[in-house]
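Protein chains in written order, with the numbering used here: chain A, 460 to 740; chain B, 69 to 497; chain C, 14 to 276.
Rather than coming from a laboratory, the hints here were simulated on the basis of the structure. The reader is advised that the hints may include incorrect statements.
Just a few of them, taken from the derived set where beta-carbon distance is under 10 Å, the chain A residues facing chain C [stated by the list, open to error]:
id	residue
1	Y511
2	L514
3	L581
4	T655
5	L667
6	L675
A quick note: this is a predicted structure, and the numbers were derived from the prediction, not measured. Positions of the beta carbon are idealized from the N, C-alpha and C atoms, including for glycine.
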Amino acid sequence: MQRRSWVGAAYAAPTALVVGVLFIVPLVLVGWMSLNDWPLLGAPEINFPENYTGLTDNELIADAAWFTAKYTIVITALLFSVAFGLALLVQHQRRGVGFFRTAFFLPVAVGFASASLLFLGLLSSEIGPFHTDTYISWTSGSPNLALGSAVTLVLWRFAGFNMLIMLTGLQAIPLEIYEAARIDGASRFQLFRRITVPLMRPTIALVLTLMIAGSLLAFDQFWILTRGGPDNRTTSLVMVIYREAFIRLDLGSAAAISVVLLGVLVVFNVIQFGVLRRRSQ
Amino acid sequence: MRGISPLRATLAVLASAALVLGMTACSEDKSDTPTALAVDDGATLTLWTRAATEGVSKAFADAYNANHKNKVQVTAYPNEEYPAKLASAAGAKALPDLFATDVVFAPQYASEGLWLDITNRVSALSFKDKLAQAHLTNGVWKNKNYAVPHTIDMSVMLYNIDLYTRAGLDPTKPPKNLTEFAEHARKIDALGGDVNGTYFGGNCGGCNVFTLWPSVWAAGGEVMSADGMTSSVNSNAMADVFALYRKLYEEGVAAPAAKDEAGPTWLGALQSGKIGIAPGPSVWLGLIEEKGVKMGVAPITGMTGGESTFIGGDSMGIGVTSTKAAQAWDFLTWTMSEDAQVEVVAKGKGVPFRTDFAANKYSSADPRIVAINNLVAKGRTPYAKNFNATYNDPQSPWIATFRGALFGPDAKKALDDGAAKLTASLQKS
Amino acid sequence: MARLSYYTTACALAILFLFPLLWSGWASLESPSGFGLENYERLFTSDNGIRFYHVVNSVLVCLITVGGTLLVSTLGGYAFGRFRFPGRDLLFLVTLAILMVPYATILIALYVLLGWLGLQDSLLGLGLVLIMFQLPFSIFMMRNSFEAVPRELEESALIDGCNSFGVLTRVMLHAVRPGLITVGLFAFLTSWNEFFAPLILLNSTDQFTLTLAVVNMRTASHGAIDYAALEAGVMFMAVPCVLLFLFLQRSYVRGFMSGALKG
Numbered sequence: 460m461q462r463r464s465w466v467g468a469a470y471a472a473p474t475a476l477v478v479g480v481l482f483i484v485p486l487v488l489v490g491w492m493s494l495n496d497w498p499l500l501g502a503p504e505i506n507f508p509e510n511y512t513g514l515t516d517n518e519l520i521a522d523a524a525w526f527t528a529k530y531t532i533v534i535t536a537l538l539f540s541v542a543f544g545l546a547l548l549v550q551h552q553r554r555g556v557g558f559f560r561t562a563f564f565l566p567v568a569v570g571f572a573s574a575s576l577l578f579l580g581l582l583s584s585e586i587g588p589f590h591t592d593t594y595i596s597w598t599s600g601s602p603n604l605a606l607g608s609a610v611t612l613v614l615w616r617f618a619g620f621n622m623l624i625m626l627t628g629l630q631a632i633p634l635e636i637y638e639a640a641r642i643d644g645a646s647r648f649q650l651f652r653r654i655t656v657p658l659m660r661p662t663i664a665l666v667l668t669l670m671i672a673g674s675l676l677a678f679d680q681f682w683i684l685t686r687g688g689p690d691n692r693t694t695s696l697v698m699v700i701y702r703e704a705f706i707r708l709d710l711g712s713a714a715a716i717s718v719v720l721l722g723v724l725v726v727f728n729v730i731q732f733g734v735l736r737r738r739s740q
Numbered sequence: 069m070r071g072i073s074p075l076r077a078t079l080a081v082l083a084s085a086a087l088v089l090g091m092t093a094c095s096e097d098k099s100d101t102p103t104a105l106a107v108d109d110g111a112t113l114t115l116w117t118r119a120a121t122e123g124v125s126k127a128f129a130d131a132y133n134a135n136h137k138n139k140v141q142v143t144a145y146p147n148e149e150y151p152a153k154l155a156s157a158a159g160a161k162a163l164p165d166l167f168a169t170d171v172v173f174a175p176q177y178a179s180e181g182l183w184l185d186i187t188n189r190v191s192a193l194s195f196k197d198k199l200a201q202a203h204l205t206n207g208v209w210k211n212k213n214y215a216v217p218h219t220i221d222m223s224v225m226l227y228n229i230d231l232y233t234r235a236g237l238d239p240t241k242p243p244k245n246l247t248e249f250a251e252h253a254r255k256i257d258a259l260g261g262d263v264n265g266t267y268f269g270g271n272c273g274g275c276n277v278f279t280l281w282p283s284v285w286a287a288g289g290e291v292m293s294a295d296g297m298t299s300s301v302n303s304n305a306m307a308d309v310f311a312l313y314r315k316l317y318e319e320g321v322a323a324p325a326a327k328d329e330a331g332p333t334w335l336g337a338l339q340s341g342k343i344g345i346a347p348g349p350s351v352w353l354g355l356i357e358e359k360g361v362k363m364g365v366a367p368i369t370g371m372t373g374g375e376s377t378f379i380g381g382d383s384m385g386i387g388v389t390s391t392k393a394a395q396a397w398d399f400l401t402w403t404m405s406e407d408a409q410v411e412v413v414a415k416g417k418g419v420p421f422r423t424d425f426a427a428n429k430y431s432s433a434d435p436r437i438v439a440i441n442n443l444v445a446k447g448r449t450p451y452a453k454n455f456n457a458t459y460n461d462p463q464s465p466w467i468a469t470f471r472g473a474l475f476g477p478d479a480k481k482a483l484d485d486g487a488a489k490l491t492a493s494l495q496k497s
Numbered sequence: 014m015a016r017l018s019y020y021t022t023a024c025a026l027a028i029l030f031l032f033p034l035l036w037s038g039w040a041s042l043e044s045p046s047g048f049g050l051e052n053y054e055r056l057f058t059s060d061n062g063i064r065f066y067h068v069v070n071s072v073l074v075c076l077i078t079v080g081g082t083l084l085v086s087t088l089g090g091y092a093f094g095r096f097r098f099p100g101r102d103l104l105f106l107v108t109l110a111i112l113m114v115p116y117a118t119i120l121i122a123l124y125v126l127l128g129w130l131g132l133q134d135s136l137l138g139l140g141l142v143l144i145m146f147q148l149p150f151s152i153f154m155m156r157n158s159f160e161a162v163p164r165e166l167e168e169s170a171l172i173d174g175c176n177s178f179g180v181l182t183r184v185m186l187h188a189v190r191p192g193l194i195t196v197g198l199f200a201f202l203t204s205w206n207e208f209f210a211p212l213i214l215l216n217s218t219d220q221f222t223l224t225l226a227v228v229n230m231r232t233a234s235h236g237a238i239d240y241a242a243l244e245a246g247v248m249f250m251a252v253p254c255v256l257l258f259l260f261l262q263r264s265y266v267r268g269f270m271s272g273a274l275k276g
């Protein structure tokens with residue numbers, strides 16, 4: 460119906476307004492800033508492509524990019540396995556399953572900044588329960604310890620949330636399909652591989668997208684827990700953006716890194732979308 | 069057909085055009101006129117400060133508000149996020165009437181034009197030469213003044229009198245040079261248990277500049293050029309100081325936790341009463357004694373003698389976007405008056421930044437305070453436009469350099485590489 | 014899975030997940046003089062501690078964010094889930110793209126923008142920004158919730174002579190209630206716990222939110238963290254959220270189900 464067209468548009472108008480004014484406009488500004496030498500006060504001057512070419516010289520960016528990529532792979536693999544595992548564990552109705560689901564999901568109630576502060580205390584030698592006789596710093600003793608503590612924090616905080624998403628995907632699979640396959644003599648593993656995983660594809664895609672975007676943009680956990688240390692071994696890309704913008708006061712350079720990061724994410728999502736489209740056909 | 073609805077497109081274009089135009093508009097010429105006197109007419113002034121300085125800023129504000137028509141409102145921000153706050157406000161051309169920053173960041177903010185040019189106002193001050201010159205210089209950019217001192221915090225050697233006595237050392241005879249300091253630390257560490265000889269911020273850029281550089285200055289050496297453009301961190305003087313601390317750490321005389329100390333628990337370590345002697349901020353004297361630990365104070369010394377200190381603290385200036393410059397200047401001049409320096413700063417156990425009040429009725433009660441106050445004349449404040457990005461920031465090349473010198477496999481290489489990296493960072497525009 | 018091994022594994026995991034929160038609660042009550050509310054006292058009375066106005070500000074921001082998010086995402090979800098109009102898919106994708114931009118990047122631009130709109134240093138401005146950040150999740154949820162509603166429900170209302178708004182208010186809202194509760198809950202969680210946005214977008218102390226006050230406890234007195242009071246702050250912030258969670262459990266699980274993936 461032609462009428463439905465503008466009715467629909469009317470309902471979508473508030474969304475369009477918020478997205479347009481509070482997202483698109485700043486984003487365009489950021490794009491524009493990346494083309495300029497942008498002082499805090501005073502007039503900007505176009506300096507394209509300096510902000511971008513300057514990125515390749517910056518050793519910190521290269522290290523941060525490597526670390527962020529590595530971190531993304533680690534977190535995505537671990538978080539996905541844990542969340543999927545938890546979902547499989549609690550998918551069937553049993554006694555107490557409600558309690559378990561709640562227990563796994565409860566960390567989501569704690570804000571991320573709060574959760575980071577919580578872990579700061581938990582891993583501290585002052586009041587944390589993990590101190591040993593020989594001194595050890597869980598958050599900056601070594602790069603692996605620092606990464607480990609950040610990963611633990613993220614797993615704790617986000618496993619439940621992703622578990623719930625996976626759960627809804629699992630429970631959307633009709634039982635009859637399982638029944639039919641079982642009658643045909645399929646083993647549990649085959650059921651999983653041939654039925655569960657394929658039918659979960661959209662769910663898996665959503666979860667992976669959220670995890671990968673979240674990891675590439677990781678900031679809070681490193682800022683609060685490890686400060687990017689020790690020796691910049693847990694410095695993420697967004698921390699570098701923060702440093703460029705607020706410490707070096709080079710807004711143009713910070714904008715350029717942001718644009719590149721956004722580009723990577725868009726490309727990744729387009730590819731993922733394309734792969735998903737193809738396979739579901 | 070798909071497309072962005074025309075209304076939304078227009079709105080977006082208009083808004084972004086407006087934004088761009090707003091940002092490219094020139095800021096008014098804010099040159100300083102001698103006719104702009106200090107004015108007290110009942111204005112409300114906004115003052116921003118960092119959490120570490122909040123106490124002093126509030127004390128100033130409260131005392132000023134009590135007998136002036138102008139009223140100052142203080143807002144304090146978390147230390148680590150304060151630079152982000154300032155940058156955002158500047159970007160939006162919405163800076164407060166007054167704001168303080170760490171004195172070592174003053175050159176950067178002055179160069180970015182975040183403060184009003186107060187050159188003429190400062191030169192009109194009758195006591196201009198009595199202000200802590202090191203601080204005043206840090207607020208200068210291209211021969212113009214932008215900031216005045218606000219608080220002073222100097223690095224000194226703090227030593228635990230109790231542990232000194234137990235180790236058989238004379239608490240009235242603190243070390244006269246750094247080598248002696250190391251010896252004292254070793255003796256105290258020998259007490260065993262969970263007592264450690266010394267402590268430092270092994271993961272904290274600012275802490276190390278604050279506590280280690282004075283030893284180099286005391287020996288007549290340099291770590292950075294006076295214009296803040298070249299690093300000489302691989303000079304012999306600096307290398308010797310690093311080697312001494314490195315040895316203390318390797319021997320276990322320095323607490324193992326020092327390696328990971330990024331600053332937040334530094335005071336806590338000293339308050340535990342288990343550290344023998346360590347360099348630290350003079351303002352912590354009172355805070356440590358509050359925990360019942362008796363402390364002595366001594367200047368930081370060079371390898372073979374000499375004394376120096378890092379004159380830290382905060383500078384304050386008038387926000388360049390403020391419309392109440394005259395009223396803000398009234399507050400600033402008042403903070404430099406005898407009333408404020410003696411009744412607010414000295415009474416609160418702080419260090420006056422006016423050298424003519426270093427000896428006052430409150431300080432003479434405690435000889436340690438007199439000793440600290442006198443250091444203002446012997447100390448320095450390094451000047452560099454890119455100080456924060458080069459030294460303080462957790463991702464700075466300074467942290468990599470000194471950690472390499474203190475804990476890494478090849479100290480000399482770390483320092484040589486460091487000198488190059490630091491110089492590059494200092495010169496980055 | 015064998016019964017015993019199932020329950021052992023599940024219990025072990027449950028303990029692991031509950032441990033940090035339980036420890037935090039315990040640490041917030043423990044003090045050198047035994048157990049008590051000492052740390053909470055310090056939390057509320059110390060110079061940099063929490064005050065009543067922090068709570069008020071946080072509540073106000075939450076109300077704005079939750080109310081605004083529900084409004085925009087309900088209308089938007091309805092539009093995306095039930096209507097066709099030019100630019101629909103593009104708008105949906107752009108909304109989701111909000112997830113792909115780091116905070117630090119657009120915060121300065123937002124600060125400038127709010128200044129232009131006269132909303133600088135205001136809880137309303139902050140609320141609007143938080144609404145924007147909530148949109149990807151909320152719109153996605155509501156769209157799927159609306160799509161899952163059977164057409165028959167709508168049709169019977171239309172036959173009764175309702176226009177689209179009537180259909181929405183009489184029939185649809187009821188059907189998508191679990192989704193609404195989920196969206197509202199998550200909007201509340203984010204706005205209650207948000208740290209960086211209020212830090213940058215608010216200037217005056219009397220506008221500060223709870224989270225800013227609690228984080229201040231970490232860095233306030235440079236060199237000494239009051240860990241116990243910090244954990245008390247964490248608890249103070251987490252308890253309302255945990256309670257809400259437990260209370261609304263069934264609804265948001267249903268909300269997730271109805272917002273379940275349909276690709």
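Do the hints match the structure? See the list:
Annotation: Y511 of chain A was flagged as interfacial toward chain C, and the flag is violated, the nearest CB pair being 15 Å apart, outside 10 Å. Violation of the interface hint for L514 of chain A is found here, the shortest Cβ-Cβ separation to chain C being roughly 15 Å, above the 10 Å cut-off. With its C-beta approaching chain C no nearer than about 6 Å, L581 of chain A sits inside the 10 Å limit, and its interface hint holds. Hint status for T655 of chain A: violated, given a least beta-carbon distance of 14 Å to chain C, over 10 Å.
At a threshold of 10 Å, the smallest CB-CB gap from L667 of chain A to chain C is about 12 Å, leaving the interface hint violated. Because the smallest distance between the Cβ of L675 of chain A and any Cβ of chain C comes to about 8 Å, under 10 Å, the interface hint for this residue holds.
In the structure shown, a violation is registered for the earlier hints numbered 1, 2, 4, 5, in ascending order.
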